[in-house]
Amino acid sequence: MPVSVGLAYTGRPRTHLDPRSKLAFFIAVNTIGLGAAFSGSGAAARVAVTVLLAVLLAAEGAWLWSASAVVVTTVGLMVYAWLPPVGWAMPLVGLVNLMARFWPVVLMGCYVISTTTVSQFIAALRRLHLPASFTIPFAVVMRFLPTLAQESSGISEALRSRGLRLGAVKPHTWLEYRLVPLTMRAVAIGDELTTAALARGLDRTVERTSLARIGFGPADWLVLTAALTVIAIWALAPWTPIDPAAGK
Amino acid sequence: MIDLQDVSFRYGDPDLAEPGAKLPLALDGVSLNVAAGEVVVLAGASGCGKTTVTRLVNGLLAGRGVATGKIRVSGLDPASTPTALLARRVGSVFQDPRTQFFTTDVASELAFGCENLAVPPGQAAERVAQVTADWDLAGLLDRSVFALSGGQKQRVVCAAVEALSPSVLVLDEPSANLDPPSTARLAEFIARWKAQGKAILVAEHRLAYLAAAADRFIILKAGRVTHRLTASEARALAPQAFADLGLRPLESGQHPSWATDQSPLSPPPVDPASDRIELRDVAYWRPHRGRRKRARQVLGIDRLDFLKGETVALTGANGSGKTTLLRWLAGVAGGGRGQLRVDGEVWRARQRLGRVALVGQEVSRQLFADTVQGELRLAERRLPADSVQAILDRLDLGHLVDRHPLTLSSGERQRLAIAAALAQERPIVALDEPTSGLDLAHMSQVASGIKELAASGRTVLVATHDRDLLAACAQRVVKLDQGRA
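These protein sequence lines map, in sequence, to chains A and B. Residue numbering for the first sequence is 1 to 248, as defined by the working numbering. Residue numbering for the second sequence is 1 to 485, as defined by the working numbering.
So that you can see chain B by itself, here it is in the shape it has in the complex (with noise of 0.2 Å):
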């Protein structure tokens, strides 16, 4: 179904490049083929090529770069074939659900892709109707698609992909955004699709939740493909030959490379109230539809208390409040109730909002200098040359100093917002999933950035689905579920 042979990729345009420049190579000589109900994994650390293949695969390079070799998608080449052609035989689902939607409704999603490929409204609908009854939307069908929770996205873009009954499904690390009870549902399309003999490839950073349904990895390397493992093959594989490939590990959370500092998860702190950070009786609604009355409670904490430096991983399912509760911490969000203590002295969120450091999900919402040291500077001007530096190099972006921030990469973009939040001193630091969509490598140099974090004395509390994470850095985990500790 999927054929690529020899294939060799460069992004750009050649007529726009400076005569004798050679653009540099995203892929280099390919070659890779999934049969009908196969489901094959492309791995490999961040710019490995994973995605480029993906999308020669969809089709949606076209016109962006020079591909060499043969491409065959269920018998056509996609470079040259009609996007509505397309669209009929490959679907695909990326990596953040919030991007896929193109219309703002659950029911008009269902529908758009058969409405573009011109399909009967008979049919159409017959067709919505069956996925939103096999995927078990028909609560949502009138939702807007803004108020869905992650896992939900997730679930309306595969429905919506599998409206057009393609034979080739394409996805690109469809698990970062999910929490793992999502990532659990998402396993069980794939495995529903490959029944259904579907050719299925899937790049992905984690790859846990695939063991089951992978019939072949293929590990790619700087546009090279570096090694072919069957399934038995990879599941025989030591956990250290995963991380020696730059892999996450097949199975969660037992990184060989932690063993040594992985900690046990300790129960909460009897310590005397000096050092604690106390919270009681937290409480956020959010409204329901524009109204008061009908509010919906999303946190509800009656106490809980840290530890002063420690390191808490906040977890929970989408939706279970962890997003809510730092961001109150840090005294952005409005409204709700509750007190924060610390020495016995309350912080009111417009003190919060100085003393809390507020690492947010979407980091290029949050970086705003136009140097990376600069960003460092933003906020404590006076802070001496020789600090942004020595902070920079700890978090490994000393040699980026004079970059502007939004050209970085999403690792060094994540890290520098950590830097920023080093370079403030601040004693709390709350972060909101700092590794979703990062490879190993990216993963652990966050992991020693919230490490920098609590060696210099700060509380840290990170919410997050990453168990890899949790396992390198946290101390203690809390739990929350539906806005409870």
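In isolation and in its complexed conformation, chain A is listed as follows (with noise of 0.2 Å):
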């Protein structure tokens, strides 16, 4: 079954990658995403973490966000390549500098995030001995942050029906109409959230039991292997002073 890449699980994924292995290449695309430079090994580095993020995406079914990471690196590498930051240039290269840095982060998170389950991820953390103080907040994110965004969309949606556009209001009364709902409901969630988990049994003093099944299969040591060596060709390369195309 295809999955649809966004900040929520959305049905069993196609591929069955361990969450460690996830959360390894997920920490690779970090450091190769937002601190590799756009040259050299830097260049190889981001190369490799993207070709492997858009398999990954595209063997999901997610072929538009499979070619967006490859269109921004692309991009990314070829600007830094041919078109120098000074003039006109200048904000167009940072902003396509900062692109490159962060998209695939993004597209990332929400790739583990819509393709693990809530137990797998506990399971897992538990496997690489975090205690429950870490990994209870962290199922509590998974589940909160598609919550926000739902509640999120309602509220523009009810703006726009009130006809209170951007626009048809000042910039900062529109952002108070957004943010006071949206805190008001994101306590809200907070609560229910809470009273779910005492209501169940959810007790620090308590050691699970898990139902969900992780392990470690082929694809797994090639997602693992393949973090482990960018992030070795990355730390290992000689440093190079952040590129000043990103403005500092």
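Simulated from the structure, these hints should not be mistaken for lab results. Here a beta-carbon is modelled for each residue, glycine too, at the ideal position from N, C-alpha and C. None of the hints are false.
Just the calculated beta-carbon pair ranges, DEER-fashion:
#, chain 1, residue 1, chain 2, residue 2, range
1, A, A188, B, Q339, 37 to 45 Å
2, A, S133, B, A62, 18 to 26 Å
3, A, V47, B, P181, 52 to 60 Å
4, B, R72, A, R165, 56 to 64 Å
5, A, F216, B, P120, 21 to 29 Å
6, A, F138, B, D386, 48 to 56 Å
7, A, L95, B, G122, 50 to 58 Å
8, A, F138, B, G122, 24 to 32 Å
9, A, F144, B, S8, 34 to 42 Å
10, A, G163, B, T407, 22 to 30 Å
11, A, R165, B, A283, 25 to 33 Å
Reassemble the complex: the two chains are provided individually, in unrelated frames, and hints are given to aid placement.
In structure tokens form, the structure reads like this:
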């Protein structure tokens, strides 16, 4: 079954990766995406990470997202190589650079969330010997984000229906209309989640068991190796100052 | 199994309150008991203390206030029993199925409770398999909880509760968001639990579906028990007596106070086209798991006419397309196709956005101002003060002009959203489930708000499961079935 990639678990994924490999690759995407240079070994690491990310997304049928990863990285590398950040090109280069850094991270984050169940996540983190005080908040975030996204789109729908578009009202007022109800709902959702958890016996003094089946298969070894390799390349490469294209 | 003796409860922390000041009493000397295999219904108007009782029983009020009296649930004192131990004995089902999930997929949700109680995996898997079969959930195990209908969600919640095989069940307005078929199913679940010998305490506004299973009714008013009725006594009571107690009728849609202005459900209008609002070929698809090709059609209406100025109730099961139709009409649902013609003029989505007012299901998402009167002026800034006051008075909100909308009760908020729709000069008003979870008094107020809208010449479309509301204000009923009228 194909999954759509977004902020919520969307159904059983086609590829079965262990959450730990996904997390390792997530860290790799973060490290390379945010930290690596756009030339030399950094560029090579970027290409490697992007290809693997594109394959993972394509395997879930998320072709558009997959293509977007390739396009963003390609454009990022091309712009860095051929367009010096001077004069009129400066803001453009800065923007492209920012996109090329962050977009893969966003995509990988969405991939992890939409292909992993909360149980699998908790089980994986427990096997990494992380304490419940870390795993439970993590699980809460996975349930919280999609719910908040739903609330947010509901609020913007109501604003449009009431004729309170940006433009019809002042920007700071519009922001207030969006944020105040959202904050109130965020508090309420927190309360609801606590109630749901307590009513079903979530208790930090009890060592939980888990029914989630997780474990490493061939695909996991591939992803893990790739993740460790690109991180190694990045870490062992001679240190280069953060490229000026980032505007720093 | 459940035993409350002379229980009083005050919310809040006495250490934080001003010295000498007494926190208000939420419960005042309540005694009740529920034996194994018994269904006891707690009824009463909003704020009467029903929820407080249920939360004292399932231990969710520990640390939220001060309780006196004796509470024993299957031999334990809920306030001092560890969460995990209490969850093994007491199962809880709440009002809004959307908010009861801790995880994001059905299989995890069913296993969640067992995992928390450290049930060995083999045994836990057996229990999950058992409830999956019992509750007919095999087809849903892989689904995301965000993709379930309201009825399916409540089924998953019930199954997840049963996976822990509790001996005591506490249900707090479990039917509030359910359509009639799902409510009937809920009644079957309750009957099944009763047959298994569980002690069941249900707090409810809607009593009709419980009439068969209930053994006793306990009526609360302002934190005190005012009436104790056996099932046969309750059935013998005249409907008017229920209304006097502030309760929804035992038989839905037959409330005596509405008998006078309850209009017959008229056939579709045959009046000249100039008086009609015409919908033609309205279709809407929801992308299936992000893929266009496998999109699911949720709406397919060839033709549907409304008379200008009439109040029409849209009914139909959860997921029959009522909400989608209203959102399309209001121009907030992107995509889809179809025509809305008024006076021969086609209203495009952008025009509908300014001409159709939408009061959605979640009112707390729709109130933006910092005062009640400000809410009415948001869109109509030049509305004179006396008109604002007049609209608020008509909806019984006149005494709340300067309150912050988000501090109002749910019934008040619902009415304020209707008041905001009244303040906007829009010919069509669409309301989505305006009475879910409201008691008799608040439901009647919403009904009179809807009548106000109709009296001012607006065409009102109400999507609702609430047969009492329907009986109170709808002139005509349009039933949607799988997106078709």
